[in-house]
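**Student:** Use the sequences and the hints to build the structure in full.
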Amino acid sequence: MDGELDTATVYSATGASVSGLVAGASATFDELAAFDPQISGAILQPDANTTVTQVARTRYQKANLNFSGGNQAAVETFFRKLTGYKGSLKNAQVASFGNGGVVYSVSTPRGVVSLRNVSASGKEWTIQFDPILSNGVRKMKFDFNGAFL
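Position one of the sequence shown corresponds to residue 3 (the working numbering), numbered consecutively onward.
Any given hint could be a false lead.
[Stated by the list, open to error] Below, a list of computed lysine to any residue pairs in the SDA-like style, where the Cα atoms sit at most 25 Å apart:
id: 1; residue 1: Lys88; residue 2: Ile41
id: 2; residue 1: Lys83; residue 2: Pro111
id: 3; residue 1: Lys83; residue 2: Leu34
id: 4; residue 1: Lys88; residue 2: Gly113
id: 5; residue 1: Lys83; residue 2: Asp49
id: 6; residue 1: Lys88; residue 2: Gln40
id: 7; residue 1: Lys92; residue 2: Lys64
No lab work stands behind these hints: they were computed from the structure.
**Tutor:** Spelled out as structure tokens, the structure:
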């Protein structure tokens, strides 16, 4: 189970908020709702220059969309696309942990979206949704090295 930072304290905290969801953000939520966590091979384009490939969920992470490839900048761009947040990520920071771990959180009309670079599962970045998406997805996990297990 991926319970490394799943605490009500961290994910109920909001570092920033957006008053309205821009059309692009709404379309991005809809795009994610169409993904099935059980399949592999679907492609997502988190930014203009990057694509990532979906890897089927593991038995312990049934509510996750797992992606291999990408990089920090692409995931941050995708987080901004999802939330419509344009400010400094530092203003959205809600928690920090040893070794440079940080959690950002933005409240949107569709709920709270959090981004973190800390994960006990070893994946580089995680985007978490509260409430979960209509397809049951709670998190998106990115493994930049493509070695998703």
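**Student:** Please go over all the hints and tell whether each is borne out by the structure.
**Tutor:** For each hint, the structure was consulted:
Restraint check for Lys88 and Ile41: the C-alpha separation of about 32 Å exceeds 25 Å, so the hint is violated. Of the pairs offered as hints, the one joining Lys83 and Pro111 holds, with about 14 Å between alpha carbons and a cut-off of 25 Å not exceeded. The hinted pair formed by Lys83 and Leu34 meets the criterion: a straight-line CA distance of about 12 Å does not exceed 25 Å. With a CA separation close to 17 Å, the supplied pair Lys88 and Gly113 stays within the 25 Å bound.
Taking the CA atoms of Lys83 and Asp49, the gap is about 9 Å. The hint holds against a cut of 25 Å. Pair hint Lys88 plus Gln40 does not hold up; C-alpha atoms about 32 Å apart against a cutoff of 25 Å. Taken as a hint, the Lys92 and Lys64 pair is broken in the structure, with Cα atoms around 31 Å apart against an allowance of 25 Å.
The structure fails hints 1, 6 and 7 (numbered hints given earlier, in ascending order).
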